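Student: As given, the protein sequences belong to chains A and B, one line each in that order. Following UniProt numbering from start to finish, the first sequence increments by one per residue and tops out at 328. Following UniProt numbering from start to finish, the second sequence increments by one per residue and tops out at 328.
Think of the hints as simulated: they come from the structure by calculation, not from any bench. All of these numbers come straight from a predicted model, not from anything done at the bench. All clues stand as given, with none of them false.
No distinction is drawn between identical chains; accordingly, a pair holds when it is met within one copy or between any pair of copies.
Straight-line distance between alpha carbons at most 27 Å, and here's what the computed DSS-like set of lysine-lysine pairs gives:
no., residue 1, residue 2
1, K17, K228
2, K153, K17
3, K153, K228
2 protein chains.
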Amino acid sequence: MLSEFSLIDRFFARRAKTPAPRQGDAPLGIGDDCALIAPPAGHQLAISTDMLVEGRHFFPDVDPYALGHKALAVNLSDLAAMGAKPHAFTLALALPRADEAWLQAFSDGLFALADRFGCALIGGDTTSGPLNICITVFGDVPHHTALRRDAAKPGDDIYVSGTLGDARAALGAMLGEWQAPDAAASAWRRALERPEPRVALGMALGGIAHAALDISDGLAGDLMHILKRSNVRATVDADAVPCSDAVRAMPDAARRQCTLAGGDDYELCFTAPRTARDAIARIGERVGVPLTCIGRIESFGSPEIAWRDGAGAPLSLMLQGFDHFHAD
Amino acid sequence: MLSEFSLIDRFFARRAKTPAPRQGDAPLGIGDDCALIAPPAGHQLAISTDMLVEGRHFFPDVDPYALGHKALAVNLSDLAAMGAKPHAFTLALALPRADEAWLQAFSDGLFALADRFGCALIGGDTTSGPLNICITVFGDVPHHTALRRDAAKPGDDIYVSGTLGDARAALGAMLGEWQAPDAAASAWRRALERPEPRVALGMALGGIAHAALDISDGLAGDLMHILKRSNVRATVDADAVPCSDAVRAMPDAARRQCTLAGGDDYELCFTAPRTARDAIARIGERVGVPLTCIGRIESFGSPEIAWRDGAGAPLSLMLQGFDHFHAD
Numbered sequence: 001m002l003s004e005f006s007l008i009d010r011f012f013a014r015r016a017k018t019p020a021p022r023q024g025d026a027p028l029g030i031g032d033d034c035a036l037i038a039p040p041a042g043h044q045l046a047i048s049t050d051m052l053v054e055g056r057h058f059f060p061d062v063d064p065y066a067l068g069h070k071a072l073a074v075n076l077s078d079l080a081a082m083g084a085k086p087h088a089f090t091l092a093l094a095l096p097r098a099d100e101a102w103l104q105a106f107s108d109g110l111f112a113l114a115d116r117f118g119c120a121l122i123g124g125d126t127t128s129g130p131l132n133i134c135i136t137v138f139g140d141v142p143h144h145t146a147l148r149r150d151a152a153k154p155g156d157d158i159y160v161s162g163t164l165g166d167a168r169a170a171l172g173a174m175l176g177e178w179q180a181p182d183a184a185a186s187a188w189r190r191a192l193e194r195p196e197p198r199v200a201l202g203m204a205l206g207g208i209a210h211a212a213l214d215i216s217d218g219l220a221g222d223l224m225h226i227l228k229r230s231n232v233r234a235t236v237d238a239d240a241v242p243c244s245d246a247v248r249a250m251p252d253a254a255r256r257q258c259t260l261a262g263g264d265d266y267e268l269c270f271t272a273p274r275t276a277r278d279a280i281a282r283i284g285e286r287v288g289v290p291l292t293c294i295g296r297i298e299s300f301g302s303p304e305i306a307w308r309d310g311a312g313a314p315l316s317l318m319l320q321g322f323d324h325f326h327a328d
Numbered sequence: 001m002l003s004e005f006s007l008i009d010r011f012f013a014r015r016a017k018t019p020a021p022r023q024g025d026a027p028l029g030i031g032d033d034c035a036l037i038a039p040p041a042g043h044q045l046a047i048s049t050d051m052l053v054e055g056r057h058f059f060p061d062v063d064p065y066a067l068g069h070k071a072l073a074v075n076l077s078d079l080a081a082m083g084a085k086p087h088a089f090t091l092a093l094a095l096p097r098a099d100e101a102w103l104q105a106f107s108d109g110l111f112a113l114a115d116r117f118g119c120a121l122i123g124g125d126t127t128s129g130p131l132n133i134c135i136t137v138f139g140d141v142p143h144h145t146a147l148r149r150d151a152a153k154p155g156d157d158i159y160v161s162g163t164l165g166d167a168r169a170a171l172g173a174m175l176g177e178w179q180a181p182d183a184a185a186s187a188w189r190r191a192l193e194r195p196e197p198r199v200a201l202g203m204a205l206g207g208i209a210h211a212a213l214d215i216s217d218g219l220a221g222d223l224m225h226i227l228k229r230s231n232v233r234a235t236v237d238a239d240a241v242p243c244s245d246a247v248r249a250m251p252d253a254a255r256r257q258c259t260l261a262g263g264d265d266y267e268l269c270f271t272a273p274r275t276a277r278d279a280i281a282r283i284g285e286r287v288g289v290p291l292t293c294i295g296r297i298e299s300f301g302s303p304e305i306a307w308r309d310g311a312g313a314p315l316s317l318m319l320q321g322f323d324h325f326h327a328d
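Chain A extracted, bound-state conformation (with noise of 0.2 Å):
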């Protein structure tokens, strides 16, 4: 068995980056009590920290390798909503053994998507115990640009990235709610344990889009922290929210269950001004993710969402986002 600083240093440090160092700083990676770094000039550091224990985000099964991409894409997919730039990330990790199969599987996982978004591992924790991986990211933005949840204003329109529900509709096959169609089973298993984060989307929305945020617990619970956090009621169609065609042939119940309180979609719901139409049109041709407008910011208010179907009638829906203490 190897021990914990031969451990570390064989999956992670030789893999840790000294960041680029800014401002004329002289900035310091992994190996000493502190990792040092500091933002570009006119810029602030956002900074998201995530924590993911099995049974609860993913199965003991889970593909190493699967779960290493997934433990940072959740953490870049809060820098993409925040419109930052992904700059380094701290893991603490801890394991019931050290398991070398399986520890080069998952940092080749998370190395893949951190060298993919040039993102330095700066510094890190290892212990025993139970499995948990917690990854603290820190992103650019420049100042006043940040896409923040409290900025949402009426008369915005109000967007949603890619597809939602591929990633609930996969874990509803897993636990036997429902079979995947044989075309789609490998799509929506993807969907779950690789999701890709928005970064390039988020990047381009700073000082266009307004509010942001990104769908880890379901549009139907997330959108509310847009409107709380703004003040403001929402009318959304539950009709156009995009989704794969398998998804979209589910019965209504179940398709809206997906895609509407589904989670662990991590794509990116925003609301923009009518005036930035075009600019929105451009940016999504220009980063490759399609840009679908479900809906619009009514006006001030006790925050609420007003859901019509595709005929513009009232729709009555029954929805709770996950939340984790509830789930038990």
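Mind docking chain B on chain A? Use the hints.
Tutor: Quick look at chain B alone, frame taken from chain A:
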């Protein structure tokens, strides 16, 4: 049972703070996808992360107030070791259940220490799962004055702050290795459960000391980190290592186990040139922390500690720093 969101809100979010603005930024605290912070002009952010696991870093029956204190204290100690001023922290918490009394005590201990050092909670994550506490701290350190591990120079004195060994002595008493003297029992326990991060000392040493770190895994192993990163050899007087009267009264082997390889001390070990002796003495008086010279950096070369006893005779020590995976 509280839902995740009301749980977070009740015990943490309402006591979170928005960091003070700096460099014309608009800082953002808890409640968005990311927090936003920036270091003051001419500073870098020092970042450290620590994960605490039940049965490994604390006993299941630990006082939750003390645990809240210690979880943040060990992170602030990393900032101190870098000479950084605490600014903010994130908290990720896995909990087996939403126990309100436990959360109240834990958060009280956490925020009592955070408020004392002006360190704002700016983000976090809560999930159900085996108890796990992961804190990431952010501190400010002026460019080029950070206390790094790779900066020890031949001729430097080696210092430690406070006394070493009480925390390990407490652990030994709890595990039945020895008995705590009545007069020392509460002081030992306090050293283990309520370490005091040497923040003022670390900040005062910036620009004066050469290399520094905090002693979390035992002096012998931790000092080796400085020697390896600086590529130097050291001589240390094992009997000069400062300890409490109760630890001094232990048999030699047990005393040295506690003071040299105990861990959980959270005192600073640092090196400084001889020309700084008067300045170091004044700093110790000003911040009210005893500073003891225990040896010197001899030369560049293959990293090694030559241990001596109080009479200057060579000592052969069989010591090992605490290692999470070896400790099984």
